[in-house]
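S.K.: Listed below, chain by chain, are the residues.
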Amino acid sequence: MVFTLRVPKQPEGDLPPVSGELPDSALATISQRKFGLYLHVPFCVKRCGYCDFNTYTATELGGFSAEQWPELILLELELANRTLPGLPKIDTIFIGGGTPSLISPDIYQSLLNELKNNFAKDIEITLEANPDSVSRESLYGYFAAGINRISFGMQSAAANVLKVLDRTHNLTSVEQAVHGASDVGFRNISLDLIYGTPGESDADWLNSLKFATDLPINHLSAYSLIVESGTKLAAQVKRGNIAQPDDDIAASRYLTADQYLQQRGFGWYEISNWSKPDGDCRHNQIYWQSDNWWGLGPGAHSHIGGVRWWNEKYPTTWAAALQENLSPAAGREELNQQQQQFESVMLQLRQRSGLSVSKLPRPDLVAQLTSTGWLELAALAGGRVVLSQSGRLMADRVAAELLK
Amino acid sequence: MYPKAVRANIRPVTKPSPGATNQAVLRNFSIIAHIDHGKSTLADRMLQLTGVVEARQMREQYLDRMDIERERGITIKSQAVRLPWVGRDGKDYVLNMIDTPGHVDFTYEVSRSLAACEGAILLVDAAQGIEAQTLANLYLALANDMQIIPVLNKIDLPSAQPEKYAQELAKIIGCDPDDVLRVSAKTGEGVTDLLHTIVEQVPAPNGNPDAPARALIFDSVYDVYRGVVTYVRVVDGAIKSRERILMMSTSETHELLEVGVISPEPAAAAGLVAGEVGYLITGVKDVRQSKVGDTVTISNKPATHPLGGYQEPKPMVFSGLYPMDGSDYPALRDALDKLKLNDAALAYDPETSAALGFGFRCGFLGLLHLEIVRERLSREFNLDLISTAPNVVYRVQMDDGSELIVTNPSEYPNGKVAMVFEPMVRATVISPSEFIGAIMELCQSRRGNLLGMDYLSEERVEMRYELPLAEIAFDFFDSLKSRTRGYASLDYEFTNEKAADLVKVDILLHGEPVDAFSAIVYKDKAYNYGVQIASKLRELIPRQQFEVPIQAAIGSRIIARETIRAIRKDVLAKCYGGDITRKRKLLEKQKEGKKRMKMVGRVEVPQEAFIAALATNSAPEAKTGKN
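Line by line, the protein sequences give chains H and P. The first sequence: position 272 = 271 (numbering that gives the first Met the number 0), numbered continuously. The second sequence: position 360 = 359 (numbering that gives the first Met the number 0), numbered continuously.
Don't take every hint at face value.
Derived EDC-like pairs: lysine to aspartate or glutamate, alpha-carbon spacing no greater than 20 Å straight-line [stated by the list, open to error]:
no. : chain 1 : residue 1 : chain 2 : residue 2
1   : H       : 237       : P       : 538
2   : P       : 593       : P       : 561
3   : P       : 584       : H       : 20
4   : H       : 162       : H       : 105
5   : P       : 590       : H       : 203
6   : P       : 588       : H       : 20
7   : H       : 275       : H       : 213
8   : P       : 290       : P       : 235
Among chain H residues calculated to face chain P with C-beta under 8 Å, some are [said to hold, decoys possible]:
no. : residue
9   : 10
10  : 243
11  : 244
12  : 246
13  : 249
14  : 250
15  : 268
16  : 292
17  : 307
18  : 341
19  : 368
20  : 371
21  : 393
22  : 396
23  : 399
Output of the computed footprint for chain P on chain H, the stretches with three or more beta carbons under 8 Å from beta carbons of chain P [stated by the list, open to error]:
no. : segment
24  : 203-210
25  : 297-304
By construction, these hints were calculated from the structure, which means they are not laboratory data. We put the beta carbon where it would ideally sit given N, CA and C, even for glycine.
Take these sequences, add in the hints, and give me the full structure.
M.R.: The following block contains the structure:
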């Protein structure tokens with residue numbers, strides 16, 4: 000069959016060494032930093048119209064099969080073991096995709112068994128799941144395998160919105176999946192929502208928030224719909240079949256969400272993430288605090304002590320490197336001090352914890368923002384930069400101003 | 000290899016030497032042609048046939064020197080080449096071919112080149128017929144009483160219609176269609192015959208070899224190594240190397256370092272005598288000291304009267320040029336200083352714009368001249384420029400009787416204006432007659448006044464209009480081309496000035512006037528201009544922290560308004576998982592974008608907005624390629 004390779008774009012970086020070896024300066028941070036593992040499952044039954052993630056349906060895989068995935072992940076783990084050297088203590092594991100719930104619990108069980116000796120005492124292990132592809136049995140299996148946090152893609156409670164997003168699930172399956180997870184023992188359950196989809200009304204959005212928070216969850220992520228180039232949605236918008244999402248509407252929806260979620264006991268801890276007490280996703284915080292992690296799987300990104308790299312996106316290309324005992328990295332960058340500071344300001348600014356004014360490259364630049372209403376003045380008085388509610392909607396501009 | 004027809008005609012020639020050539024064997028001619036009718040190809044063929052350039056040295060368009068000329072296929076500066084030729088009578092002759100600039104902006108230079116000749120070849124594409132500019136230059140030549148040799152070129156093309164266009168040419172110049180020569184500059188066919196015809200038909204010069212020297216400057220070019228190279232046609236007397244020459248318009252004297260002829264590379268000679276064409280080098284560094292149209296004489300035995308027809312170059316179109324990056328201002332000044340060495344018509348004065356910072360108000364002969372300067376600044380000097388919309392020069396009479404010359408719309412007075420005068424042109428349009436209606440409609444919408452109309456043939460018509468220069472300075476030529484499927488050609492010449500009902504439209508951003516967007520427009524078009532630019536800016540300026548009104552105003556009266564709503568959201572509510580690199584690069588890009596913002600009051604305006612809002616369609620003919 001004729002197959003058009005539809006691989007999303009990679010960042011531009013340097014050519015990584017084939018061995019994947021890391022400089023001593025990077026390795027030296029391992030003992031001082033938290034360490035996470037990300038596992039990428041690049042399979043979906045069908046691609047949703049808005050999605051530009053690195054995932055493939057069966058016909059797009061071109062000779063690669065899902066059965067090969069576990070053994071290749073083990074090969075990349077061996078590479079990590081050689082490179083670091085020795086696998087550090089693991090604080091968090093996040094299995095993302097794609098659709099990780101397409102892989103059966105026993106596979107994860109045996110993978111996690113391999114890693115057990117490196118688990119930190121209170122390890123967080125998250126599985127992303129599609130409400131459509133789980134059953135009470137599989138949920139039990141995942142929980143029994145050691146997974147202790149589960150995140151479902153709900154997106155919306157409005158059928159018309161789900162249709163625009165090209166999603167296959169319905170509300171009943173979300174309800175069953177969340178209750179099922181809770182029943183089998185999961186105490187950390189998260190839902191993903193998307194707002195600002197063309198056709199979504201204010202009432203639709205409020206309904207989605209209510210529906211989600213009525214379920215036994217302790218974490219919620221809400222993202223504004225972004226039309227990514229190359230997606231089916233982008234083509235529909237370009238043709239005029241679907242309206243371009245409106246920034247002002249997205250801003251209103253965000254404020255609605257923040258207000259509503261506060262009432263329901265969820266506090267923001269990152270621009271797009273809210274949680275009940277102790278419900279923060281610790282794996283995401285590894286990303287946002289510039290800690291260390293190794294991303295396993297096609298297209299996965301890693302960061303160790305100021306060195307970032309990303310794997311080949313296409314599964315067969317990724318697999319071929321590993322089978323030759325080579326690094327599957329497609330590109331990498333070694334960040335200098337200035338870039339590291341730039342990134343940490345950019346990332347910490349997005350969090351409720353904010354950052355200390357003294358950590359800014361130019362602390363004096365804060366002064367020009369005091370009258371904008373974008374910073375919490377009480378925090379500022381205490382020497383910290385924390386975004387206010389309206390400031391969160393302007394986070395990129397604030398970052399640009401502070402990093403001038 | 001030569002095409003066959005050319006090879007057969009090459010033969011050795013003896014050269015009468017410069018400085019000792021009898022006027023009787025001299026033939027000075029130029030070629031009048033539209034830009035893509037094959038003038039340079041014909042010149043190339045003549046260089047080969049007369050044996051001055053060998054085949055292996057031949058490159059296309061040999062005489063066009065600047066890169067821009069070669070790429071655009073236009074000849075900006077003229078040049079004179081001395082060609083030896085044996086006539087049908089077996090005698091040695093010397094032909095001086097004077098290449099003329101091909102564009103309307105350089106009409107004055109064309110007129111001086113023609114004044115240096117006794118004859119002209121009227122070269123017309125046998126597949127296209129005569130074009131407006133060719134016609135205008137033909138009239139110049141006829142006014143100079145020159146011998147015209149009508150020639151149809153490209154007769155080798157399958158689409159050539161020599162019969163039809165010979166009729167047309169015969170009707171225009173009043174000759175017999177059989178007298179129109181037919182050549183193919185490409186294959187060389189008919190070119191030998193043309194060279195013979197030049198010898199037979201172009202009169203020999205008849206200056207007075209014994210009178211005090213008088214030489215007409217028809218071109219002057221700055222050369223990095225030699226300084227200014229001045230091209231002259233000696234009319235009376237003689238000029239010898241090492242003599243002291245006197246420029247009659249400025250009374251400045253210079254020592255002559257070198258006299259010579261181009262054939263086709265420069266070669267020094269003992270001197271130039273009456274009737275001859277050549278170059279002078281004095282060591283001056285600025286073409287303003289050697290002005291086209293001026294008369295050169297010998298300082299210790301000067302002529303009493305200069306040759307007629309000298310004019311100071313006069314800028315007609317003005318535009319503000321500003322460096323994108325303010326720190327490039329000194330570089331822009333240096334670049335203009337350098338260009339000036341070779342461009343006597345380029346005028347510039349420093350000016351400051353509240354919106355654009357430091358820059359220069361530059362004056363040009365016309366739109367092509369502007370375009371060429373702008374392009375050279377970017378190409379040869381690597382400068383990123385913002386240029387304001389071109390405007391013409393206005394003479395404003397105030398109520399109190401005082402008078403003001405306005406070259407920058409932002410200097411236009413508010414109130415108390417009694418009369419405003421704007422420059423007018425006489426435009427000639429030649430087009431297939433089926434487009435008469437479309438052309439009339441266009442010219443009327445540009446405040447045109449039909450002066451007359453003549454059929455050149457059954458299907459082709461010449462229309463003459465009086466139009467305000469300001470109305471053709473924007474997109475007139477493009478509109479004309481698109482309404483006539485590219486068939487119409489345009490020429491214009493400045494005539495006089497006329498009173499007009501004009502107003503200044505200011506554009507206010509958040510209440511502050513933006514000088515770069517002010518324009519002087521015809522009263523009935525002010526509203527349209529205001530609405531157009533306000534809505535353009537609304538699209539181009541990103542949303543700010545506060546609501547920004549955009550207003551167009553005449554004095555204190557608002558005629559149009561748009562609003563940029565305050566920004567509410569500037570965040571990507573998504574962190575792309577572990578792909579921090581992508582996030583960082585997006586933010587870096589945003590930061591870079593901020594650097595390219597200009598502050599207008601409290602409003603951040605991207606430089607792209609200035610460029611896009613001020614963008615005009617380019618000058619007549621400037622975009623036309625060659626062959």
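S.K.: With reference to the structure, classify each hint as holding or not holding.
M.R.: We went through each hint and held it up to the structure:
| no. | hint | result |
| --- | --- | --- |
| 1 | H/237 - P/538 | holds, 18 Å |
| 2 | P/593 - P/561 | violated, 23 Å |
| 3 | P/584 - H/20 | violated, 25 Å |
| 4 | H/162 - H/105 | violated, 33 Å |
| 5 | P/590 - H/203 | violated, 36 Å |
| 6 | P/588 - H/20 | violated, 30 Å |
| 7 | H/275 - H/213 | holds, 13 Å |
| 8 | P/290 - P/235 | holds, 19 Å |
| 9 | 10 | holds, 4 Å |
| 10 | 243 | violated, 14 Å |
| 11 | 244 | violated, 11 Å |
| 12 | 246 | holds, 5 Å |
| 13 | 249 | holds, 6 Å |
| 14 | 250 | holds, 4 Å |
| 15 | 268 | violated, 13 Å |
| 16 | 292 | holds, 7 Å |
| 17 | 307 | holds, 6 Å |
| 18 | 341 | holds, 7 Å |
| 19 | 368 | violated, 11 Å |
| 20 | 371 | holds, 7 Å |
| 21 | 393 | holds, 5 Å |
| 22 | 396 | holds, 4 Å |
| 23 | 399 | holds, 5 Å |
| 24 | 203-210 | violated (count 0) |
| 25 | 297-304 | holds (count 4) |
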